[in-house]
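> For the sequence shown, the tail end lands on 159 under UniProt numbering, and the numbers increase by one without skipping.
Do not take every clue at face value.
[To be verified] Each computed EDC-like pair below joins lysine to aspartate or glutamate, with the alpha-carbon atoms no more than 20 Å apart:
1) K42 x E82
2) K76 x D21
3) K56 x E33
4) K49 x D27
5) K78 x E97
6) K39 x E54
7) K39 x E58
8) K86 x E128
9) K49 x D21
10) K86 x E46
11) K136 x D31
12) K42 x D23
13) K56 x E46
14) K136 x D100
15) K49 x D31
16) K76 x D108
17) K49 x E33
18) K42 x E54
19) K42 x E85
20) K71 x E128
21) K26 x E46
22) K39 x E82
23) K39 x E85
24) K42 x E84
25) K42 x E64
26) K56 x E128
27) K71 x E58
28) K26 x E54
29) K42 x E58
30) K148 x D27
31) K136 x E58
32) K67 x E128
33) K78 x E128
34) K136 x E33
[Unchecked claim] FRET-style restraints, in silico, Cβ to Cβ:
35) T65 x K101: 17 to 27 Å
36) R104 x L63: 24 to 34 Å
37) K56 x G103: 39 to 49 Å
38) K49 x R104: 39 to 49 Å
39) V45 x R93: 19 to 29 Å
Hint data in this document are derived by calculation from the structure and do not stem from the laboratory.
Keep in mind it's a predicted model, so treat the numbers as computed, not measured.
Positions of the beta carbon are idealized from the N, C-alpha and C atoms, including for glycine.
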Amino acid sequence: MEAYYKFAKSKDGGKGTVKIDYDLAKDYIRDVESKTGLKLHKNQVEQLKAALREHKYEKMTPLETLKHRNKFNSVKNKLISEWEEKTGQTWPRYTEEVYDKKGRVVRDIGQPYDAHHIIENNFGGPHEWWNIHPAKFPDEHQAGIHGKGSPSNKLFPRR
Numbered sequence: 001m002e003a004y005y006k007f008a009k010s011k012d013g014g015k016g017t018v019k020i021d022y023d024l025a026k027d028y029i030r031d032v033e034s035k036t037g038l039k040l041h042k043n044q045v046e047q048l049k050a051a052l053r054e055h056k057y058e059k060m061t062p063l064e065t066l067k068h069r070n071k072f073n074s075v076k077n078k079l080i081s082e083w084e085e086k087t088g089q090t091w092p093r094y095t096e097e098v099y100d101k102k103g104r105v106v107r108d109i110g111q112p113y114d115a116h117h118i119i120e121n122n123f124g125g126p127h128e129w130w131n132i133h134p135a136k137f138p139d140e141h142q143a144g145i146h147g148k149g150s151p152s153n154k155l156f157p158r159r
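Using the sequences plus the hints, can you model the full thing?
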């Protein structure tokens, strides 16, 4: 396995090509599990390993990312059901309202936790059951998995 990580600008509009550091990928998975309190199912891990071996994931443009996100939003509930079926676990749901900084409700009671793309959305992460993981907004997800200095930000750089 590669012992380094490389993110190189290409001549295709600023996209980057990722060369996976498998030690960093393991750190990332452990970080996701630690931040969410949920282990990835062994079938997920096998599917993820295969996907990372077989595909190069490139950082997409903002427009490509938006289109990819919209496609995900149209299949998210189906993927959550499939994840529950394949892992034998129940996708967690919010037990209290979550508010933004302005005091507005951004997550309702009973709403499913966010579906975090393990191979990230802005890198073309597949919309598959094995590539999602429940993450509570905002502490487990944006401030946690995507937080400053996290393995996620090293494996899938934002810039």
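> Next, verify each hint and record whether it holds.
Hint check:
1. K42 x E82: With Cα atoms ~15 Å apart, K42 and E82 stay inside 20 Å; holds.
2. K76 x D21: Judged against 20 Å, a Cα distance of about 28 Å means the pair is violated.
3. K56 x E33: violated (24 Å)
4. K49 x D27: holds (14 Å)
5. K78 x E97: Since the Cα atoms of K78 and E97 sit roughly 24 Å apart, the hinted pair is violated (cutoff 20 Å).
6. K39 x E54: Violated - the C-alpha atoms of E54 and K39 are around 24 Å apart, more than 20 Å.
7. K39 x E58: violated (26 Å)
8. K86 x E128: holds (11 Å)
9. K49 x D21: Given pair K49, D21 holds - Cα atoms ~12 Å apart, limit 20 Å.
10. K86 x E46: holds (13 Å)
11. K136 x D31: This hinted pair holds, its Cα atoms lying about 14 Å apart.
12. K42 x D23: holds (17 Å)
13. K56 x E46: It holds: about 17 Å lies between the C-alpha atoms, which stays within 20 Å.
14. K136 x D100: holds (13 Å)
15. K49 x D31: holds (16 Å)
16. K76 x D108: holds (17 Å)
17. K49 x E33: Holds, because 16 Å separates the two Cα atoms, which is no more than 20 Å.
18. K42 x E54: holds (18 Å)
19. K42 x E85: holds (14 Å)
20. K71 x E128: holds (12 Å)
21. K26 x E46: It holds: about 12 Å lies between the C-alpha atoms, which stays within 20 Å.
22. K39 x E82: holds (17 Å)
23. K39 x E85: holds (16 Å)
24. K42 x E84: Holds, because 14 Å separates the two Cα atoms, which is no more than 20 Å.
25. K42 x E64: violated (31 Å)
26. K56 x E128: With Cα atoms ~17 Å apart, K56 and E128 stay inside 20 Å; holds.
27. K71 x E58: OK: K71 and E58 at ~18 Å, within 20 Å.
28. K26 x E54: With Cα atoms ~17 Å apart, K26 and E54 stay inside 20 Å; holds.
29. K42 x E58: violated (25 Å)
30. K148 x D27: holds (15 Å)
31. K136 x E58: Violated, because 26 Å separates the two Cα atoms, which is more than 20 Å.
32. K67 x E128: Holds - the C-alpha atoms of E128 and K67 are around 16 Å apart, at most 20 Å.
33. K78 x E128: Since the Cα atoms of K78 and E128 sit roughly 10 Å apart, the hinted pair holds (cutoff 20 Å).
34. K136 x E33: holds (12 Å)
35. T65 x K101: 17 to 27 Å: Taking Cβ atoms as reference, T65 and K101 lie about 24 Å apart, which means the hint holds.
36. R104 x L63: 24 to 34 Å: Cβ of R104 to Cβ of L63: about 27 Å, so the range 24 to 34 Å holds.
37. K56 x G103: 39 to 49 Å: holds (43 Å)
38. K49 x R104: 39 to 49 Å: holds (40 Å)
39. V45 x R93: 19 to 29 Å: Roughly 24 Å apart at Cβ, these two residues keep to the hinted range, so it holds.
The earlier numbered hints that this structure contradicts are 2, 3, 5, 6, 7, 25, 29 and 31.
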